[in-house]
Amino acid sequence: MTRVGRIVTAPIDPARLLADVSRPANGAILLFLGVVRDTNDGRGVTGIEYSAYEAMALRELQAIADEVGESLGVDDLVIEHRLGELGLLEASVGIAVAHPHRGEAYDASRRVIEELKRRVPIWKREHYVDGTRQWVANASGSSAGVAPGVGPVAR
Amino acid sequence: MTRVGRIVTAPIDPARLLADVSRPANGAILLFLGVVRDTNDGRGVTGIEYSAYEAMALRELQAIADEVGESLGVDDLVIEHRLGELGLLEASVGIAVAHPHRGEAYDASRRVIEELKRRVPIWKREHYVDGTRQWVANASGSSAGVAPGVGPVAR
Amino acid sequence: MHPMSVTVLLFASYADALGAPSLSVELPAGATVADVLSAVRRRPGAERLPPRPLVAVNQRYASPASPVGPGDEVALIPPVAGG
Amino acid sequence: MHPMSVTVLLFASYADALGAPSLSVELPAGATVADVLSAVRRRPGAERLPPRPLVAVNQRYASPASPVGPGDEVALIPPVAGG
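Residue numbers (this note's numbering), protein chains in the order written: chain C, 20 to 174; chain D, 20 to 174; chain B, 43 to 125; chain F, 43 to 125.
Calculated directly from the structure, the hints in this document are not laboratory data.
Beta carbons are placed, not taken as given, at the ideal position from N, Cα and C, and that holds for glycine.
Hints may contain errors.
[Said to hold, decoys possible] Computed from the model, here is a short list of chain F residues facing chain C with C-beta under 7 Å:
#1 F53
#2 S55
#3 Q101
#4 I119
#5 V122
#6 A123
#7 G125
[Claimed, not checked] Beyond 12 Å from chain C on every Cβ pair, some chain D residues (computed):
#8 E73
#9 E89
#10 S128
[Stated by the list, open to error] Calculated from the model, a selection of chain D residues having no Cβ within reach of chain C, i.e. all distances over 12 Å:
#11 M20
#12 A29
#13 E68
#14 R78
#15 Q81
#16 A82
#17 E86
#18 S90
#19 L91
#20 G103
#21 R144
#22 H146
#23 G150
All chains, full assembly: derive it from the sequences and hints.
Here it is, written out as structure tokens:
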């Protein structure tokens with residue numbers, strides 16, 4: 020049984036995550052990677068800077084691993100989130116799930132990423148091709164900045 | 020754009036599959052691995068032998084990649100199925116999907132594996148701890164053997 | 043219109059049942075998949091096949107009414123087990 | 043019952059708004075999260091916070107009525123963006 024959340028600064032290693040959940044009882048392994056992409060809301064992105072309330076983020080990641088694992092009967096579930104400056108194509112989050120059957124693996128993986136995006140105190144500042152930077156929130160894709168006119172908090 | 024199906028005999032390399040679908044436009048990558056597990060229907064399994072109608076299997080894999088990719092707007096989708104004798108923990112199938120957004124990646128991955136299990140002419144013979152072997156079918160989990168009392172064809 | 047000889051590919055449990063990875067059947071001109079199945083059924087071991095095995099013609103799933111001509115690649119497809 | 047001093051952690055856009063990664067606020071005994079927010083609102087830059095920012099007490103999300111005592115770890119949580 021491996022249910023664990025991690026905060027890391029080194030690059031996420033897919034092979035390591037797969038190995039973490041691999042056991043002879045598991046017939047299905049699912050690996051999700053969230054990757055820095057070159058566009059957001061129509062703006063050219065050159066990189067993303069991730070920061071966190073680390074102690075709480077770790078606690079929430081662990082809680083999500085435990086909750087989702089418990090509710091779906093998934094024993095092997097590793098969530099890893101990276102902090103720091105990430106370039107294009109680099110993974111900010113990796114979620115590995117393994118289970119005897121694929122249905123549970125897909126359900127657990129999806130539930131983990133949705134919960135993570137909803138409640139784990141991690142923030143990102145996107146860097147754009149025009150040299151500007153902006154704090155960005157998940158939810159509706161609206162700006163998370165503090166300029167006048169900022170929307171209500173998502174939760 | 021990479022929509023491709025492959026039949027291989029060498030071990031499936033997760034890093035290779037991830038690299039195949041990685042592009043700066045994609046924010047989500049999903050890798051599914053189907054793995055030989057140590058139990059099926061309550062029997063101890065020591066390995067699985069996969070064989071195929073290779074030309075047709077390749078054609079069906081490619082058709083699934085094209086159909087699922089087209090219907091969900093997923094441009095980066097690689098399906099790899101391995102043939103031969105596989106031991107415990109070895110992957111028989113790898114499906115890598117990437118998309119700007121995670122929803123499409125999850126949907127495409129799931130649809131590919133369901134279609135693959137339904138229609139690609141690949142067969143497996145399980146080897147059991149008691150030294151016996153048996154052809155096994157997907158569908159309802161019923162025997163695919165040809166002994167008297169074999170069930171109707173699944174499709 | 044001459045009778046023709048068609049090669050039928052067999053796999054996995056069906057190859058085991060009929061003791062060979064392929065066999066050759068004689069068919070009348072204008073034959074269909076159903077005729078192929080009838081011819082296969084006369085072979086020893088065919089009693090171990092299910093009532094209506096899947097058939098592919100030229101690597102595509104075919105119905106019993108599909109025509110089969112000389113040079114077509116015909117295959118009996120056991121219940122699949124990929125993944 | 044003495045007034046107490048509580049440290050409030052700030053992150054990301056909220057740290058930018060208030061110009062610091064944390065600040066210290068004076069609270070009456072028996073204070074709540076709502077009292078913390080009122081105290082924070084008197085600081086320069088706080089007008090750039092949303093009307094009801096999320097607050098965590100001891101690393102758990104808390105409601106405005108949650109009590110805050112000496113030694114508690116209080117944090118304002120900007121809209122999250124993990125993943």
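Structure-based check of all given hints:
1. F53: 6 Å, holds
2. S55: 4 Å, holds
3. Q101: 4 Å, holds
4. I119: This hint holds: I119/F lies near chain C, its Cβ roughly 5 Å from the closest one there, short of 7 Å.
5. V122: 6 Å, holds
6. A123: 4 Å, holds
7. G125: Holds, about 4 Å.
8. E73: E73/D clear of chain C: closest Cβ-Cβ about 24 Å, beyond 12 Å.
9. E89: Per Cβ check, E89/D is outside 12 Å of chain C; nearest 21 Å; holds.
10. S128: It is violated; S128/D is separated from chain C by about 8 Å at its closest Cβ, not greater than 12 Å.
11. M20: About 16 Å separates M20/D from the closest Cβ of chain C, which puts it past 12 Å; holds.
12. A29: 16 Å, holds
13. E68: 16 Å, holds
14. R78: 24 Å, holds
15. Q81: 22 Å, holds
16. A82: Answer for A82/D: holds, closest chain C Cβ roughly 21 Å.
17. E86: Holds, since 19 Å exceeds 12 Å.
18. S90: Answer for S90/D: holds, closest chain C Cβ roughly 18 Å.
19. L91: 15 Å, holds
20. G103: At about 18 Å from chain C, G103/D clears the 12 Å cut-off, so the statement holds.
21. R144: 16 Å, holds
22. H146: 14 Å, holds
23. G150: Consistent with the label, G150/D stays out of reach of chain C, its closest Cβ about 19 Å off (over 12 Å).
The structure fails hint 10 only (numbered hints given earlier).
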